[in-house]
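Visitor: If you read the sequences in order, they're chains C and L.
According to the numbering used here, the residues represented by the first sequence are 5 to 278, in order.
According to the numbering used here, the residues represented by the second sequence are 5 to 278, in order.
For the record, the hints were derived by calculation from the structure and aren't laboratory data.
Any given hint might turn out to be false.
Said to hold, decoys possible - Here are the simulated lysine-lysine pairs, DSSO-like style, with alpha carbons at most 30 Å apart:
1) L/K86 - L/K162
2) C/K153 - C/K260
3) L/K243 - L/K266
4) C/K21 - L/K162
5) L/K153 - C/K140
6) L/K234 - C/K153
7) C/K86 - L/K21
8) C/K140 - L/K162
Claimed, not checked - Listing some non-contacts, in silico: residues in chain L with all C-beta distances to chain C over 12 Å:
9) K77
10) L217
11) R274
The beta-carbon is built from N, C-alpha and C at its ideal position, and this holds for glycine as well.
There are 2 protein chains.
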Amino acid sequence: MNNIYVLINDLLVPADKATLSISDLAVQRGYGIFDFFKTVAGEPVFLEDHLDRFYYSAAHMRLPVRQSRKQLKDLLYSLIRKNQMPDSGVRMTLTGGYSPDGFNIAEPNLIVTQQGFQINADLMTRGISLITYPYKRQFSEAKTLDYLKAIWLQPLIKEQNADDVLYHRDGILAECPRANFFMVTADERILTPSRNILKGISRMHVLKVSEKLFPTEETEITIEDLKLAKEAFITSTTKNILPVVQIDGNIIGDGKPGVLTKVLAQEYKRIIYG
Amino acid sequence: MNNIYVLINDLLVPADKATLSISDLAVQRGYGIFDFFKTVAGEPVFLEDHLDRFYYSAAHMRLPVRQSRKQLKDLLYSLIRKNQMPDSGVRMTLTGGYSPDGFNIAEPNLIVTQQGFQINADLMTRGISLITYPYKRQFSEAKTLDYLKAIWLQPLIKEQNADDVLYHRDGILAECPRANFFMVTADERILTPSRNILKGISRMHVLKVSEKLFPTEETEITIEDLKLAKEAFITSTTKNILPVVQIDGNIIGDGKPGVLTKVLAQEYKRIIYG
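This is chain C alone, in the form it adopts within the complex (with noise of 0.2 Å):
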């Protein structure tokens, strides 16, 4: 953590000196809304996405930003400057402020922090391997501070082996706690859930990306679907696309990333990287 800073509202401090009152409301009661852009050579990814969605999910949790979106910006890139970290990870936070009776909101507080970020590369090459749960995230559209039920399955998926969850509403698919689904269809469709779910900037472009070279649709995606699936994979932020090659114990495909998964990895890095 050595030379690096986080803005708190509209000061710059060290991180380790970064904290926050007990009495706000994200530690009270968990109440507070985020998003979390990358930066790659200095220059932030999808900005403006992730500023809409950011601003579409504190007035979503009825929290108001004092910070206009000029003002923001300005914010985001006086700490990137600061901290001069080319590639990285970069979370806006905000909170529901110290709330005197401890329950209603008051004036919220931005937290941003940035940190070092890489690909896991072996996980690219291999695949990851997900199990499904049932579990319907209770505000879906928006990126609250949940995840309650993320971080109490990971000793689960760690006994079956597996590096992420699937969550899935009466037999739906929905998203990963951290990540959109795709798979693709025997006939080389693909597919990814339309409802239910995050809708992740990154797997906004990749629909984009996808759209041009595959028939590609947003619908709805069952577990038995899973057995039909040549192919699958996630989307997010720290990914980009990841191979998923097994779920539920169930080898996709014939076990290894697919080929259009590849294809479409490929075309969505030339957009993130250039």
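Fit chain L to the given chain C structure using the hints.
Guide: Coordinates of chain L only, in the frame set by chain C:
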């Protein structure tokens, strides 16, 4: 906040200096549990029950508590002695800790706060109004930090001129966000929901009082059943027994705190205040 102290792990610190690193999983992911008891004339009420539930919630959410029960009690009493606040609420919060990866549970932080405490006599006299809302807490049996829905619903509650919300699932009643629900039937039985609830400490002790005086059941209650309710009330540490006189705009009984409710409230107060 003058002169009020807070316990952070093993240290007493002034409340206005009580902070948590922003890397704590409570701030990052809303991950943590808590419990809340009151002191009357300087003495904790139902402390052993609250400690039972605190350790239960922690274990359920996979949070190791560093302090033994004896150590925790010593710490609680040191705070109570320090603050000299005879009638108070004491909150013990256990967070996910300073997580290096911002996702996996680390060594939990213990935060104990104490605050002045008064029961709203006006509400006691006139009774409160509830609205029902479909929702099930994701870890019903543990007292987690997750109050997203409850806080988010506040404007809706106010819009409807209500005081609180009563959750139900598919029409089966559960609980209020911070209280348990009871109803009195036309034939003077005392009922309270048995499932999908946090088992309140006040609920438990009110049940004991009630069982001695009236036919009393933990059972399934539906929204439909409310139409036949003669009386209703909620129970919690901060409210003891608080009469409910209206639900979803429908008057309960004659719209005033009920006779049996008052009997129970009197008996319950005797136990707590002697």
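Visitor: Please go over all the hints and tell whether each is borne out by the structure.
Guide: Hint check results:
1. L/K86 - L/K162: violated, 38 Å
2. C/K153 - C/K260: Cα-Cα ~29 Å, so holds.
3. L/K243 - L/K266: Holds: L/K243 and L/K266 sit about 14 Å apart, inside 30 Å.
4. C/K21 - L/K162: Not OK: C/K21 and L/K162 at ~39 Å, beyond 30 Å, violated.
5. L/K153 - C/K140: holds, 14 Å
6. L/K234 - C/K153: Violated. L/K234 to C/K153 sits at ~39 Å, over the 30 Å cutoff.
7. C/K86 - L/K21: holds, 27 Å
8. C/K140 - L/K162: holds, 27 Å
9. K77: holds, 21 Å
10. L217: It holds; L/L217 is separated from chain C by about 33 Å at its closest Cβ, greater than 12 Å.
11. R274: Consistent with the label, L/R274 stays out of reach of chain C, its closest Cβ about 29 Å off (over 12 Å).
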